[in-house]
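4 protein chains.
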Amino acid sequence: MIDVQSFEDDREIPLTKVGVKQLRYPVRVLDKANGTQHTSARVDLFASLPQHFKGTHMSRFIEIFHRYKDDLSMPRFLDMLGAIRDALAASAAFGRMRFPYFIEKRAPVSGLAGMLSYECCYAGRVGEGGTRFTVSIAAPVSTVCPCSKALSERGAHNQRGIVRVELELGPFFWIEDIIDLIEKAASSPVYAVLKREDEKWVTEHGYDNPKFVEDVVRDVYAALRSLGRFPRFTVEAENFESIHDHNAYARAEYAGNASAA
Amino acid sequence: MIDVQSFEDDREIPLTKVGVKQLRYPVRVLDKANGTQHTSARVDLFASLPQHFKGTHMSRFIEIFHRYKDDLSMPRFLDMLGAIRDALAASAAFGRMRFPYFIEKRAPVSGLAGMLSYECCYAGRVGEGGTRFTVSIAAPVSTVCPCSKALSERGAHNQRGIVRVELELGPFFWIEDIIDLIEKAASSPVYAVLKREDEKWVTEHGYDNPKFVEDVVRDVYAALRSLGRFPRFTVEAENFESIHDHNAYARAEYAGNASAA
Amino acid sequence: MIDVQSFEDDREIPLTKVGVKQLRYPVRVLDKANGTQHTSARVDLFASLPQHFKGTHMSRFIEIFHRYKDDLSMPRFLDMLGAIRDALAASAAFGRMRFPYFIEKRAPVSGLAGMLSYECCYAGRVGEGGTRFTVSIAAPVSTVCPCSKALSERGAHNQRGIVRVELELGPFFWIEDIIDLIEKAASSPVYAVLKREDEKWVTEHGYDNPKFVEDVVRDVYAALRSLGRFPRFTVEAENFESIHDHNAYARAEYAGNASAA
Amino acid sequence: MIDVQSFEDDREIPLTKVGVKQLRYPVRVLDKANGTQHTSARVDLFASLPQHFKGTHMSRFIEIFHRYKDDLSMPRFLDMLGAIRDALAASAAFGRMRFPYFIEKRAPVSGLAGMLSYECCYAGRVGEGGTRFTVSIAAPVSTVCPCSKALSERGAHNQRGIVRVELELGPFFWIEDIIDLIEKAASSPVYAVLKREDEKWVTEHGYDNPKFVEDVVRDVYAALRSLGRFPRFTVEAENFESIHDHNAYARAEYAGNASAA
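Residue numbers (this note's numbering), protein chains in the order written: chain A, 1 to 261; chain B, 1 to 261; chain C, 1 to 261; chain D, 1 to 261.
It is possible that some hints are incorrect.
Identical chains blur together in the list; that is why a pair holds if it fits in one copy or across any two.
Stated by the list, open to error - Pairs of lysine-lysine residues, derived as DSS-like cross-links and limited to a Cα-Cα distance of at most 30 Å, are as follows:
1. Lys-200 / Lys-54
2. Lys-21 / Lys-105
3. Lys-54 / Lys-149
4. Lys-184 / Lys-200
5. Lys-149 / Lys-105
6. Lys-200 / Lys-69
7. Lys-32 / Lys-195
Rather than coming from a laboratory, the hints here were simulated on the basis of the structure.
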């Protein structure tokens, strides 16, 4: 059967990435409390394509990912990329897998349990020039505005925000521990279920800990840096401002000791 | 040239709607302050299809809409649907046009100007069984939680919310006036630009006017009903809760005097 | 502790729906091949609110849903709504749960396996005036344009489309069987993984079965009607036209024998 | 009035970006056929924040952007960033403005006119280390699969795709000319309105020009490179495969003569 993808290509233009996007797949990842967790992912998989090939065989990406779907711990994700690279004889393979990660969380006073969802993303590269792997984790939080509190005789505007960290992998870590660190840096965590005694606690706790997006980013940054485990990371915070229809945003980047303040 | 769409169909299944979706078009609508306003719309256009036709001629929808794009006042939108109905010899034509409507708004104390965007939608039907036209308008607002305020010794959680009304058309009205009515029913309007003196005002004004989503819906409902201009309407409010990662929601429906409390 | 939600309200405006939206939860549903399936859902839960109450207790929705999350077969979903209705002493409770449903599917010639995702939604109402439950299922398909094929000397434009049915519940059915019925009504199913021999089959099979969105809707409609199991249903098809940047759409509604042609 | 943002910060963590996101604004940009074009934009604006300041004054971003909204040609966009940098005394200011750009396009045979929308984005940086400005332009196209055509006895699968280029600014250019270049590299352009004679043309023209995503990327790349006007650019193509529920993707990067093949 004719194999058009393997035809010679004489345009002399190498492609940095060729592959599949927006694949939806059920996957299993590690879970600190329960061993493993079932979730549903959106997956992009790519390989580099040398200039002399016309196309890549895109079915291979899916065939290989399918074999790994039931155990996508971080090291296995890199193994999967390695298998793609080998199958396609590519100089590098790339992949990204976004998924909601669910954690059962208890209300701060009543102790009632509900599930919260945290958007996570594995992103990796395996190939010539080395392996690279980052995990990003996004946690919803609550922030109270320090300026509004300082200016106003009563109340202070506050809002839901989202904090996202992207961590370059060093030693093993639990997603749960990073989420915990993020929530401690906000004015207050958010919860799935809150009774009145909990709502009072969250309101007062938040009011006592006013934070700009700038503050949240710096406090998460300082906490991550003090762990000393991640060679590089970025921290972003975005507030869905309650007094505007746009968002407030801040970002910091850590690139190792050289650039640390 | 062969016309497959006009073939006879013997499956005896009439289609309630056939047409085009997700058309993006630049349009011009009426503007209270400036005469007309340029904006960009997403448009869906449909006609009913009798059981004996195999298909509709979808290019006609676009040809006709294109002729109307520079003047899409509410009556002209219905004229456009009438033209589609005639061109396709359909028993009814339907359409929906969603667009951001921009208003320049001044901060409450400093008076500084910024633009705010309000998602609007025209939805109409022209045909056997009569004409129907509704306009929906969504306004971002700020709400302060009455429960949190009552329970807490300091502060009160608050958040951005969105209030959407859908109005069945009676006499002419300005979108601006409905937005004004919605904003008055919230704890506070939101603004594009706020200096410190404005932020103090918004914070204190909101704190002095705590509202559940239920309250906002009822106050908008009462204000719309008292206008006595809309034969039917619905009101929805959705709060992006600052203490949760989900939203709070309420909805009321007015169906004329018969069902009014 | 003060309970603001239970305050009397004298605005005399009943709310048709009050509740929570955009809750993200891990859930388990029935699976024909594997017994049960883990997936992740977006959930909206509401109750009606009589005019004399100021607000509802939104934490109850989550508390109750949390208890049901590990077994959300269709009857259990209605039980869950019944429990919400009881807990809130509401005249009616409403709910909607959207989730990707995953099925392992084999390529038509090579037999290679990959997962496909089908967006499903349970929507129910329990209360005065009866129980209502619908399941909607959306399947991606491939369609070849009959007009393009008839007019052109070679080729025919084709595209990915999505077919969505909404079924009012009668006797038990498997989601898998409905998907199978939809795919048979398209020009061709789509697949996660296709080798060259499969791609040839899909291309030729699609070319031999050209279908407008109108045809797909009618053929799904006829197949569902002939099952005689669903008291009411709707069928929609939307094509991501390869020759346009907008979509083609058709819809039919079945409301029992009275309205059947 | 107290100015919390100007407080000293001793955490010694500089922020790479602080600002506002998801601002929606009506703007005016240059238009080859009509002089200027009104459209609606989503805007993100940032400045760097030195480590010794606690926060930035976010209202300034909006005040300044508001003054520029009626003339956002590419050079004026950079002027606007310069004004932000000055107002905030920041070492750098950054901005991104995404907007649909509308072009009236005529069907290839009938000559009928319809509007098409192209997603564009200006992205700039003004500050220490120099000025950087890129424009990205995304055009929907139609692609016919060469593999499917070669393997199949009749037909060939085809689909809508999207091609996006990101161009680092050299001399002035028209968005229209880049779109024209992209459309020529696809199997066929897409259109808003097509009569039967046009549909025949598009089908046959596409069938005669089969292209993988890899081919489209390479042909756009070669055409851009031969213009010799852009110091750096990237080209991406994504196909909404008609035989899959995921997309095919390719990307190439041009970084000047040194890296050109």
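Hints, verified against the model:
no., hint, verdict
1, Lys-200 / Lys-54, "between (63 Å within a copy, 19 Å between copies)"
2, Lys-21 / Lys-105, "between (33 Å within a copy, 19 Å between copies)"
3, Lys-54 / Lys-149, "between (61 Å within a copy, 15 Å between copies)"
4, Lys-184 / Lys-200, "both (18 Å within a copy, 27 Å between copies)"
5, Lys-149 / Lys-105, "both (29 Å within a copy, 24 Å between copies)"
6, Lys-200 / Lys-69, "between (43 Å within a copy, 28 Å between copies)"
7, Lys-32 / Lys-195, "within (27 Å within a copy, 39 Å between copies)"
Checked against the numbered hints above, the structure breaks none of them.
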